[in-house]
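Student: One-letter residues, chain by chain:
2 protein chains.
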Amino acid sequence: MSEGSGVAEVLGVDLHLELTGAGSRRAVLIRALREAVRSGRLAAGTRLPPYRSLAADLGVARNTVADAYAELVAEGWLTSRQGSGTRVAERVAAPEVEGAPRDTVRALPYDLVQGKPDPAAFPRTAWLASARRALTAAPHDAFGIGDPRGRVELRRELAAYLARVRGVRTGPDRIVVCSGAAHALRLLTRVVPGPWAVEAYGLPFHRGLLAEAGVRTVPVAVDEEGARVGDIRRGPCAVLLTPAHQFPTGGPLHHERRAAAVDWARTTGGFVLEDDYDGEFRYDRRPVGALQGLGPERVVLVGSVSKSLSPALRIGWMVLPGGLVDGVVAAKGAREPYSSATEQLTLAAFLASGAYDRHVRRMRRRHRERRDRLVRVLTERVPEVRVTGIAAGLHAVVELPPGTEGAALTAAERHGVAVEGLSGYRHPDAVGGVGEHGVDGLVVGYATPPERLYGGALDALCKALGSVLR
Amino acid sequence: MSEGSGVAEVLGVDLHLELTGAGSRRAVLIRALREAVRSGRLAAGTRLPPYRSLAADLGVARNTVADAYAELVAEGWLTSRQGSGTRVAERVAAPEVEGAPRDTVRALPYDLVQGKPDPAAFPRTAWLASARRALTAAPHDAFGIGDPRGRVELRRELAAYLARVRGVRTGPDRIVVCSGAAHALRLLTRVVPGPWAVEAYGLPFHRGLLAEAGVRTVPVAVDEEGARVGDIRRGPCAVLLTPAHQFPTGGPLHHERRAAAVDWARTTGGFVLEDDYDGEFRYDRRPVGALQGLGPERVVLVGSVSKSLSPALRIGWMVLPGGLVDGVVAAKGAREPYSSATEQLTLAAFLASGAYDRHVRRMRRRHRERRDRLVRVLTERVPEVRVTGIAAGLHAVVELPPGTEGAALTAAERHGVAVEGLSGYRHPDAVGGVGEHGVDGLVVGYATPPERLYGGALDALCKALGSVLR
Chain U
1 MSEGSGVAEV LGVDLHLELT GAGSRRAVLI RALREAVRSG RLAAGTRLPP YRSLAADLGV
61 ARNTVADAYA ELVAEGWLTS RQGSGTRVAE RVAAPEVEGA PRDTVRALPY DLVQGKPDPA
121 AFPRTAWLAS ARRALTAAPH DAFGIGDPRG RVELRRELAA YLARVRGVRT GPDRIVVCSG
181 AAHALRLLTR VVPGPWAVEA YGLPFHRGLL AEAGVRTVPV AVDEEGARVG DIRRGPCAVL
241 LTPAHQFPTG GPLHHERRAA AVDWARTTGG FVLEDDYDGE FRYDRRPVGA LQGLGPERVV
301 LVGSVSKSLS PALRIGWMVL PGGLVDGVVA AKGAREPYSS ATEQLTLAAF LASGAYDRHV
361 RRMRRRHRER RDRLVRVLTE RVPEVRVTGI AAGLHAVVEL PPGTEGAALT AAERHGVAVE
421 GLSGYRHPDA VGGVGEHGVD GLVVGYATPP ERLYGGALDA LCKALGSVLR
Chain B
1 MSEGSGVAEV LGVDLHLELT GAGSRRAVLI RALREAVRSG RLAAGTRLPP YRSLAADLGV
61 ARNTVADAYA ELVAEGWLTS RQGSGTRVAE RVAAPEVEGA PRDTVRALPY DLVQGKPDPA
121 AFPRTAWLAS ARRALTAAPH DAFGIGDPRG RVELRRELAA YLARVRGVRT GPDRIVVCSG
181 AAHALRLLTR VVPGPWAVEA YGLPFHRGLL AEAGVRTVPV AVDEEGARVG DIRRGPCAVL
241 LTPAHQFPTG GPLHHERRAA AVDWARTTGG FVLEDDYDGE FRYDRRPVGA LQGLGPERVV
301 LVGSVSKSLS PALRIGWMVL PGGLVDGVVA AKGAREPYSS ATEQLTLAAF LASGAYDRHV
361 RRMRRRHRER RDRLVRVLTE RVPEVRVTGI AAGLHAVVEL PPGTEGAALT AAERHGVAVE
421 GLSGYRHPDA VGGVGEHGVD GLVVGYATPP ERLYGGALDA LCKALGSVLR
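As they're listed, the protein sequences go chains U and B.
Using the numbering used here, the first residue of the first sequence is number 1, and each one after it goes up by one.
Using the numbering used here, the first residue of the second sequence is number 1, and each one after it goes up by one.
Isolated chain U (complex conformation) (with noise of 0.2 angstroms):
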């Protein structure tokens, strides 16, 4: 059962191999390979183990398997150049499985649709070198099975962040890893039943992964001054709110319904859960802290590096309340069941590093200076237009005339914009629109496109507007 060491030194590839049927070793052999290739499964351009190697995994000489390459490559099936070893050659059929037809969508040329980062601008120099610092630093343990809480690298560095730029009062015991705002409200809703209270604008994606949960929801209206938090009564368990920047009308959380929030929480013995999905990007000069840091017993902050940095690394976080902790670990499993721990480590060292905070400043002067360019050209170009929520965040609301939203967005798909309607964000329960104001309007995110096509963006949105508003 136990091999010689002669395959123990070969490192090369590995190759599965059945070797059945009649006839002597080396003609099952290159049956077996010449059926490998010819079906695809070996595809074109593979490189083969060395003899040896293959020899000592299949228990035959090393001879046999010379002979059987030597006798693949009369054939065609492989080629045998001097250097690059023994290969598949090029001429051969693609796999036999049908592939599943997918869908091609139809991608337009301006990308307009609110909360994306312009993947053109992620930091891969500076994530690389975290990476190197923090894979090269981290512990042997991180290799292996994960704490649910996520790593603890990453939990103090984000206590320290968040303390330091949003005003959080918390620590690294207080903090969960999770891989976004969506795994957090999932997890959330293991631990504080339903129904939650929730804006009367917001993501029907969280929504419809609330109602999936049997979380049943109730609108709470939204006007400028962000929700009207002083209409929840008894009823709901939570209440879900965006206070830095209400999503995605855009209004502020007034201070005094920021209290009001709190206190409503501390009354009912209720939570609030506080989507702090743009907290970072605050374009005015009062930088309003997170609701979190005025009751941090009674306050979920759920925040994730989605828009700041890139949602591809799927990493998010949850500051809760102590007597939450335990019920939301629980909720995650015995084992971390989806972040990387390499990638935790990572935004650690970038963290700790600066290369966060840099590059969301860089983020915030870039998408300041699109901002103020959206609002300056649609104030020139279609003054029809009312453009609001405009004082932070990744997108404006173009306030449209009652009516016209519809027809605004087929103008928009029909000049090329992918763009969002207001009333594809409103509660199917709600009652009027945004405060005293009609519901028609268009969700303009701003920082997507990459810097050579903003311009165009822009001009044809004026273009699909003025032609439904003339």
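Take the hints with a grain of salt, since some may be wrong.
For chains that are exact copies, the list does not tell them apart, and a pair is met inside one copy or across any two.
Result set (EDC-like, lysine to aspartate or glutamate): computed pairs, CA atoms no more than 20 angstroms apart in a straight line [to be verified]:
#1 K116 to D141
#2 K116 to D147
#3 K463 to E380
#4 K463 to E413
#5 K116 to E369
#6 K463 to D111
Rather than coming from a laboratory, the hints here were simulated on the basis of the structure.
Bear in mind that the values here come from a model prediction, so they are computed numbers and not experimental data.
Given chain U, work out where chain B should sit, using these hints.
Tutor: Then chain B, alone, in the frame of chain U:
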């Protein structure tokens, strides 16, 4: 609303301050900074932003900030040193939030719990080199919102690798990336209804997550030729198998039963779910290909890097019949919810470079040596036991005389050995033990301990068993 260009050129750290209350701007700023330090929000050693940067952010004069910093240095809250800027002084109190006390798990010195590679063996250098190649070459869209099927670069590499090494017949369109076997099973419960037939011995964790997803499980007896597939009737919609190396009892599924499993699926319209958890770690000379190769339209292959590379990466895959692809993708959602794109690209580069093959081969040699040593030591020192299931994998089963498992586990713990009993893997509805044999045994994982502790672990295990059996 728009700010001057002064801010735009300063790339420093961010700092959240609430400038409220009475007094001059200087006094208000000093109070806010002092409070941030006093409360622990700004941790000792934290570097403050440069004057001009904070001044621009807050909309105050640069001198106001400089004066405030100087005042707080004088008071001892901050320190200032040439070249390293202004920092929070070291003598500052810790945050006042009460930490949730954490359970400290009592770690035993010798870890023989199955299923985990030695974390010290993670190939950091090769992984980092792959990350560098992958992130440098990645298209911009890699940093955008992810395709729920996973990055195509990884799916291509996996299709080629699994074809070459495991005899899998598939293409990139049939592969969906996930975060490991548990995630795969959760997704599959959404497209393959219950009940599922499962092996009478298997991971309690998997049975638990199936129960939580509402999937009833029906045990299939296991003997030395693997699961008794012929016993499955028409009721179940799927059968979950470990054909390469029955988990945890260790027999490979007999070739007639392999064919019977696929026949069952074809006849009933059901599916075989092939958990290929350690298919790469075989120590005999007749590698067994994946069952998937016998019936790509009826078999789902589930695999991951958790045992071959590290459970900390959270990367796995499903190879799907064409008819299940859309359902599984829909279950994941419109966007990639969990798996980091940068980790996926790194694994793709790691596979493409041959580094994965090299690592598996190195680990296979090491596991084989450890297995041989385990068998040798137990045969010499505890001849009362029988070691089985040793042709593959990262663990062996030590069969014990009837009625001794509990005492053996207690003795192992007393000797500092963490190890699991066979009976914990048994389905609660199972009839009988493993085939005609008893049900008492230990599942001994030999991959985890660092090299320097392995000898001690075996010695302690022998002493523990000796103390019970003599």
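Student: Run every hint past the structure and note whether it holds.
Tutor: Checked hints:
Proximity of K116 and D141 under a CA criterion of 20 angstroms is satisfied inter-copy only: 11 angstroms between copies versus 34 angstroms inside one chain copy. Taking identical chains as interchangeable, the C-alpha atoms of K116 and D147 lie at most 20 angstroms apart only when they sit on different chains, with a minimum of 14 angstroms there against 29 angstroms within one chain. In the homo-oligomer, the alpha carbons of K463 and E380 lie at most 20 angstroms apart inside one protomer (12 angstroms), although the nearest pairing across protomers, at 86 angstroms, exceeds that limit. In this assembly of identical chains, the alpha carbons of K463 and E413 lie at most 20 angstroms apart only when taken from the same copy (11 angstroms versus 75 angstroms across copies).
With identical chains, the CA atoms of K116 and E369 are at most 20 angstroms apart within one copy only, with a shortest distance of 16 angstroms there and 50 angstroms across copies. Only within a single protomer do K463 and D111 lie at most 20 angstroms apart by alpha-carbon distance; the minimum there is 15 angstroms, versus 68 angstroms between protomers.
In summary, the structure agrees with every hint in the numbered list given earlier.
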